[in-house]
Every structure is written in structure tokens, then in C-alpha cells.
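Trainee: In case you want the letters, here they are:
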Amino acid sequence: MENETLILAIETSCDETAASIIRNGTEIVSNVVSSQIDSQSRFGGVVPEIASRHHVEKITLVIEKALKDANLEPKELSAVAVTEGPGLVGALLIGINAAKAFAFAHGLPVVGVHHIAGHIYANALVQKMDFPLLALVVSGGHTELVLMKEHGHFEVIGETRDDAAGEAYDKVARVLNLPYPGGPHIDRLAHQASVGVEFPRAWLDDSYDFSFSGLKSAVINYKHNMDQRGEEIVPEKVAKGFQDSVVEVLTTKTVGAARKYQVKQVIAAGGVSANKGLRTSLEQAFEKEGIPFYVPPLNLCTDNAAMIGAAGSFMYNVGVRGNLSMNGNPGMELKSWSK
Amino acid sequence: MIWLGIETSNSPLSVAVIKDGQLIVEIVENIKLTHSVTVMPTIEEVLAKVKIKPSEIDAIAVSEGPGSYTGLRIGVTIAKTLAWTLNKPLVGVSSLKVVAANANLFNGLICSLFDARRQNVYAGLYRGSQLEPVLVDHHYAIEDLLNRLKEFNEPVMFVGMDVIHFKEQIIEVLGDKALFATESLQLPRASKLIELAMKEPFIEDVHTFVPEYHRLAQAEAEWLKEQKKEQ
Ligand SMILES: [Zn+2]
Numbered sequence: 002m003e004n005e006t007l008i009l010a011i012e013t014s015c016d017e018t019a020a021s022i023i024r025n026g027t028e029i030v031s032n033v034v035s036s037q038i039d040s041q042s043r044f045g046g047v048v049p050e051i052a053s054r055h056h057v058e059k060i061t062l063v064i065e066k067a068l069k070d071a072n073l074e075p076k077e078l079s080a081v082a083v084t085e086g087p088g089l090v091g092a093l094l095i096g097i098n099a100a101k102a103f104a105f106a107h108g109l110p111v112v113g114v115h116h117i118a119g120h121i122y123a124n125a126l127v128q129k130m131d132f133p134l135l136a137l138v139v140s141g142g143h144t145e146l147v148l149m150k151e152h153g154h155f156e157v158i159g160e161t162r163d164d165a166a167g168e169a170y171d172k173v174a175r176v177l178n179l180p181y182p183g184g185p186h187i188d189r190l191a192h193q194a195s196v197g198v199e200f201p202r203a204w205l206d207d208s209y210d211f212s213f214s215g216l217k218s219a220v221i222n223y224k225h226n227m228d229q230r231g232e233e234i235v236p237e238k239v240a241k242g243f244q245d246s247v248v249e250v251l252t253t254k255t256v257g258a259a260r261k262y263q264v265k266q267v268i269a270a271g272g273v274s275a276n277k278g279l280r281t282s283l284e285q286a287f288e289k290e291g292i293p294f295y296v297p298p299l300n301l302c303t304d305n306a307a308m309i310g311a312a313g314s315f316m317y318n319v320g321v322r323g324n325l326s327m328n329g330n331p332g333m334e335l336k337s338w339s340k
Numbered sequence: 026m027i028w029l030g031i032e033t034s035n036s037p038l039s040v041a042v043i044k045d046g047q048l049i050v051e052i053v054e055n056i057k058l059t060h061s062v063t064v065m066p067t068i069e070e071v072l073a074k075v076k077i078k079p080s081e082i083d084a085i086a087v088s089e090g091p092g093s094y095t096g097l098r099i100g101v102t103i104a105k106t107l108a109w110t111l112n113k114p115l116v117g118v119s120s121l122k123v124v125a126a127n128a129n130l131f132n133g134l135i136c137s138l139f140d141a142r143r144q145n146v147y148a149g150l151y152r153g154s155q156l157e158p159v160l161v162d163h164h165y166a167i168e169d170l171l172n173r174l175k176e177f178n179e180p181v182m183f184v185g186m187d188v189i190h191f192k193e194q195i196i197e198v199l200g201d202k203a204l205f206a207t208e209s210l211q212l213p214r215a216s217k218l219i220e221l222a223m224k225e226p227f228i229e230d231v232h233t234f235v236p237e238y239h240r241l242a243q244a245e246a247e248w249l250k251e252q253k254k255e256q
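Chains as they are written, first to last, in our numbering: chain H, 2 to 340; chain Z, 26 to 256.
Calculated directly from the structure, the hints in this document are not laboratory data. Misleading hints may appear alongside valid ones.
Pairs of lysine to aspartate or glutamate residues, derived as DMTMM-like cross-links and limited to a Cα-Cα distance of at most 25 Å, are as follows [as the list claims (entries may be wrong)]:
(1) Z:K175 with Z:D201
(2) Z:K253 with H:D39
(3) Z:K78 with H:E50
(4) Z:K250 with H:E50
Since we're looking at a predicted model, the values are computed, not measured.
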């Protein structure tokens, strides 16, 4: 194909060192992820300094493997896309400086991609995005409802006012003495109970915003009260009660927003969208609504560079360019790139 | 033979090109801008000035540490990415040695140091124009370092931009054996880095090259302490 776009994408915003090659914004040619979970789990969470050190160790290996797997030479590439933010600043800097050095060495443009735009565009690698589109982004750092009227248009219509959903999962997992990361363990336990402990739901009536800190406190208080009474908690029932509350709020608000904005497609994105309980609930709800609903496969839900390459390709095609002074932007806002 | 040198171990920045043994361009800055923003544009500017394309570089030298963790990572990440993708050799040089090289006309003990906070320093001790290592680069309590230096019972030339913070303590312990390099010699220079790199072997595996932090990350140090306690 003559006007083929081949993007090398790099992602280092948290604890995965990742590189990928994406053809024409929709096709994964190669996708490499080096995870630090084995090293980080002993600290019970991601330690930024350790994450940064790991990224320096892995970054060129991961990029080299992405190129080799794709059987491509640097000169065949169109551009280098890299996560500009948000994320851990020291971690972002490794990907960004490697991307800039690589781009400079081969005379390629660089494109700075918003991490959440990446999560949303993971869906472009699986099916055609249909607008207006509603994205529910749930991860360790994010809980957001994003409306897209066209490619490159983002409107955050709801977000968390305190903890992200993934954060609440990790904290509740600690209460239940589950290993890090806690999400998958809670999901698994929740499926082993038929009735859960009754926990509150934060509806925040007139808005699409979320709040999970009250729920988290309710779980902590419940455990505390049981301890004082000398009773044992049943982890499966706590997990189910907690997950039911999170899932019901997320599903109800997403359905409400989808109706209000009359969207043609609903997509889930981010690490927590791999959660079976959440996925099933959303699938059932949108089947009833008659609105197509998609979740990308697990390896595209968790952090990866393919999603950055997908978003980066669309940005590249409409002329968005970064430059060699690009810096890490840990608190980057999700802004539209379409005018 | 064209060398590119990159020095970002602390807040100053230096980039230089040495061609066939001659320094043809060098930038030395001490304006405390973010390395992540300035290093790549500076490399681009320096190479453009002398009309050298990235692919024409024959070897790359980088200060490998110790120093500021973030500064080191930016320099090392850029250097190793360029070296790997351009398929050129890479040499890492102690950032303390690079600063010590500023004082290598002094024919005696040269001590370079960086402030590592809470009365600690990263320091190295070298001798004479060849900068033979006398004490290896290390993380010291300033007090311990000065007591060790006192045992040599000979003049020591101090060099490095953080020396000023410890000047009184140094004089207290070493008296008139303490000598101090002049202001213009305090900043690391990429030209000195390249000179030193020319005498060192190339790094065998560029992929695994990482900064010499000389310290564990705090979380890791604490974790190891816990493990020992449990045993
Ligand atoms: Zn993410």
C-alpha cells in the first residue's frame, strides 16, 4: 500500500515497559510488553523510583523486539508515538527521551499521546469506532466517562471525585489481605459467593461523576466492627458486596449517559475493564438497550503500547506533531485533537 | 572519528563533539532547566552547528553517575537509545571523574564531590593528570570522607559545584591541606567526558547499560532491611 502509516509506539507511564508497531492505526504488527509486577509486588504497589530504574533497563530491548517481530527497519516508519502523560513523571521520562532520541536518529516526527486516549483507542484495534461514542475508562488511576463525537474529540462528562475504581479495589484487597494487584483477586472471590455484604452506593444524583471513598470506608468499618465483635469476616461475601456496589454504579451511570447522548457505541477501556463482573454487567445492560458494547481483549485493556500507537496514528494522520523538547506531563488533561 | 558526549548527571548540562581529537563544539549550561526538555534540542543544535548527521557519529560518551537519579536516567536513556539504534559504540564514564578532570593540572590528590543531602556526598579521589583512582566513587557521610582524606596527610584539591556547601567543614578538618578549584572549573564538561571515554573500553551490551546510582532505591533498601530482620 502506498500511503501506509507505520507507527512505532512507546509506553512507560507506570510499571510496564512497552513498544509496538501499528499499521494504519488499526492493525497490530508487533506488541511487546515487559512487566515489572514480579519486582513491584513485594512492595505492595508501584514504587516510582523502582519503576524508573526498570524502564532504563528494558527500554531499548523492548523497542528492538518490537522492530524485529515486525521485521521492519527504522527507515520504514512514519513516526514515533509516545505516552506524554498522565502517569509517573520519572517513568514517563524514560519512554519520552528514548522516543525523541530514536526519532532524532532516524529523522522521524514524534507524537505525544494522552494515556487515556490510548486506552480508548485500544478499541480501534478491534473494531471500527462508531460515533457518537461513549467510553467508560476504569483503571488504577482513572474512572471517567468520555463522550466522543468524532475521531480526536473528547469530552469528559463524568469522573471520580476521590479514588479511582482500581484504587478502591487495591485498598479493599489490602483489607482482605489479598496480594497486589488486588483487582483480579476480588473479582475471583466475588464469584465464589452467592450473597454479598450490603454496602452503600454513591449515586451523586444529578451528575455522571463517581465516588468510591465512602464505599472503601464502609468496607474498612465493616471489618473493624466484625473484629471488635470477635467475628470472622467471609472474604468472598465482602468481595461480592464491594464489587456489586462498584459494578452497579458504573453500569447505571454508563447506561444513563449512553441514553442521554444517544450514542451509537459504548466501549470499556483501562485495566479494570478486564474485570469479569463489570464486563458481564455492562454486556447485559447494553444488550437490553440495543447499543453495541465492546471491551478489548485483556492484553489491550492493561497498559500496552499498541493502544498508544493506535491513537498516535490517528493524530499523525491529521497532522499532530510533537518536538524534541517534549516533556513528561504527569497531570496531562485529555484534550481533543480534532478542531 | 567523531565523538558525541552527553553530561546530565546533575543540574548542569553539557554536550560536546570531538572530531579527530579536536574539540569543535561544546555547550556548558548551568541554568537549571529540565533536562528532559533541553537535552535532545541541545544535541540537535550542537550537531547542526558542525553539520554532522546523527548517522555520522562514530561513538557516544555519557556520564554514568553518580548524581541526580532523574538526570542520570535522561542522559543514559538518550545515549543508549542513540548508540543502539545507530549501531555505534557507547562508553560510560564516572561523573565524578569527569568533574575531577577539570582539575587534572594539579599534580596531587583531587577530590570531586556532589551533595547527596543530609550531610552525605558522592565522592571520588584521584591522583594527578592521569586521574588514577585512589578512593573509588562512593556514597559517604561527609565526616567520614574528610577523616579518611586527613589520613593521607597531603594537600587535596576539591572540585565540583557542591564543594561550596561543605567548604567550612573541609577547612575545619583539613586546615591548609585543603585546596579549592576556581569557580569556572566546577561545572562538568562533555569535552572532558569524551577525553576520558577515549581511554576506556566500549560497553559490551548497550541494552543492559544503566546508571551507576551508587545507592539502592529507598523502598528496596527498606525491604532488604525487613528481610534481614525476619531471618
Ligand atoms: Zn493505563
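Trainee: Decide, hint by hint, whether the structure agrees.
Mentor: Status of each hint after checking the structure:
With a CA separation close to 11 Å, the supplied pair K175 of chain Z and D201 of chain Z stays within the 25 Å bound. About 20 Å separates the Cα atoms of K253 of chain Z and D39 of chain H, which keeps this hinted pair within 25 Å; it holds. Of the supplied pair hints, the one linking K78 of chain Z and E50 of chain H is violated, its CA atoms being roughly 34 Å apart against a limit of 25 Å. Distance restraint check for K250 of chain Z and E50 of chain H: the Cα-Cα separation of roughly 18 Å lies within the 25 Å cut-off, and the hinted pair is therefore satisfied.
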